[in-house]
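Asker: Here's the letter readout for the chains.
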Amino acid sequence: MKKGAYMISGETLLWINRILLTIIILGAVFFVVNSAIAREININESIADLTIRKLYYSSECFALQNVVIEPGEIDISKFTEERLRNCIGLNYPIKLELENNEKTISNIENYRDAFNLCQVGNKQKQCLFKSQQYVLVSNNGKVSYDILKAEVIVQ
Amino acid sequence: MKKGVLGEGLMDGFSIITLAIILTVFFVLFANEISYADMKNISEIITSKKVSNDGGLTLKNLMNTPIEDVNLYEFIILNQNDKDKIKEKVREPMNKICKVDSKMLVDNPQEVCLWYLEIKFTDKTIFLNGGYDPIIHSFNTDAIVTTGTEPKILPLVGFDKKFRNSLEYSLSLPDYKKNLVNIKLKLFKGLS
Numbered sequence: 009m010k011k012g013a014y015m016i017s018g019e020t021l022l023w024i025n026r027i028l029l030t031i032i033i034l035g036a037v038f039f040v041v042n043s044a045i046a047r048e049i050n051i052n053e054s055i056a057d058l059t060i061r062k063l064y065y066s067s068e069c070f071a072l073q074n075v076v077i078e079p080g081e082i083d084i085s086k087f088t089e090e091r092l093r094n095c096i097g098l099n100y101p102i103k104l105e106l107e108n109n110e111k112t113i114s115n116i117e118n119y120r121d122a123f124n125l126c127q128v129g130n131k132q133k134q135c136l137f138k139s140q141q142y143v144l145v146s147n148n149g150k151v152s153y154d155i156l157k158a159e160v161i162v163q
Numbered sequence: 219m220k221k222g223v224l225g226e227g228l229m230d231g232f233s234i235i236t237l238a239i240i241l242t243v244f245f246v247l248f249a250n251e252i253s254y255a256d257m258k259n260i261s262e263i264i265t266s267k268k269v270s271n272d273g274g275l276t277l278k279n280l281m282n283t284p285i286e287d288v289n290l291y292e293f294i295i296l297n298q299n300d301k302d303k304i305k306e307k308v309r310e311p312m313n314k315i316c317k318v319d320s321k322m323l324v325d326n327p328q329e330v331c332l333w334y335l336e337i338k339f340t341d342k343t344i345f346l347n348g349g350y351d352p353i354i355h356s357f358n359t360d361a362i363v364t365t366g367t368e369p370k371i372l373p374l375v376g377f378d379k380k381f382r383n384s385l386e387y388s389l390s391l392p393d394y395k396k397n398l399v400n401i402k403l404k405l406f407k408g409l410s
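Taken in sequence, the protein lines are chains L and X.
Our numbering applies: residue 9 is where the first sequence begins, and numbers increase by one.
Our numbering applies: residue 219 is where the second sequence begins, and numbers increase by one.
Simulated from the structure, these hints should not be mistaken for lab results.
Be aware that one or more of the hints could be misleading.
Unchecked claim - As a list, the in silico BS3-like pairs of lysine-lysine whose alpha-carbon atoms are at most 30 Å apart: (1) X/K278 with L/K111; (2) L/K62 with X/K402; (3) X/K407 with L/K138; (4) L/K103 with X/K317; (5) X/K278 with X/K301; (6) X/K307 with L/K86; (7) L/K103 with X/K314.
Next comes chain L alone, as it looks inside the complex (with noise of 0.2 Å):
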C-alpha cells in the first residue's frame, strides 16, 4: 500500500450507506409532514353557499316571519338593498334578483367592477358561485312563486 493512500474498510462503506438511507427517510418523512401542515384550505365555496343559504333562513334578511319564521318565504317588503347590507354587510359583493318579481338589488353599488375583477382570476382560484332558490314570495299576504337567484364574490 503507497504511503498516503486512504482505504475505505467494508465497515465504513456500510456505514456510509446506513446514514445515506437515514438522510433519505428523514427528507421523506420532512417533505410529508411540510406539505400536511403548508396546504392550502379553501373554504370560499362554504362561506358563499351559508352566506346565500341566510338570505332566505333568517328573518333578520328576507325570511318572512308570521308570529314563527317561515325558512323559503321571501316578504318582499324586506327584499330592499339596505336590509342586505345590515343582514349580510358589505364583506362579500352580493348581487340578488327575484326573477318573476323582477326585482334585482345589490349590496354595494359598484358590484360590476366587483364581478369583473373576479372574473379575471376565476379561473386560478374560484370566487364567483352562483346559486338558485325556488322561494315563495309573500307581499302583503298573498303568496306567489319565484326563484331567486343569487351570485357572491368571495376573495
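Knowing the structure of chain L, use the given hints to seat chain X on it.
Answerer: Here is chain X on its own, set in the frame of chain L:
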C-alpha cells in the same frame, strides 16, 4: 469485534429514532384527520364541497305553492284521480326549479336538469316526471330515457355521460282522512 458490536448498537439507535419519527408523523397526520386521498395529491388544494342539498326546502316550497286558492299539496289530494290535471299544475313551478331542452343538452349540458315526482297514497301512487317524455334525443349527446322512476342515460358511441348531481327529497304529510301521503322529489342535474 468490539467495533462491530458498537456499530450494531448505534444502528439500533438510528432505527428506533427513525421508527419513532415515522410513528410521530403518522400520529400527527391521523390526529389531524388528513385522509390518504388528501395526501396522495398533496399539491392539490383541499376544497370544501358545497352542500348541494337544500334540506328539503325546495319540496316544502313546492307543496306550499298556491294553486287555485289552495296550495299544491291540497290540490294534489283533491285531484288525486285526475293525473293530467295534477301534471298540468305541477309542470309550471317545476319548470322553474328544473328544466331541460335539446338546445341546453348541446350548448350547456352542465345546466341540464330532469325531475321525478312520486306521490304515494295508501291506495295508489302517482308518478310525474319532467324533461322530455318519454325519450330525449340530442344531436351529439347521449339519449336520455325518462320513462322509469329515474332518467337513464343510454350512452352513444364515444359519449358516456352521467348526471353530476342527484338529489332526493321526501316528505310525509297527512291527508284529510289522516292517512300519510309520502311525497318524493328527485332532481338529476348536470351532464358531464
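Asker: Going back to the hint list, which numbers does this structure go against?
Answerer: Those not satisfied: there are none.
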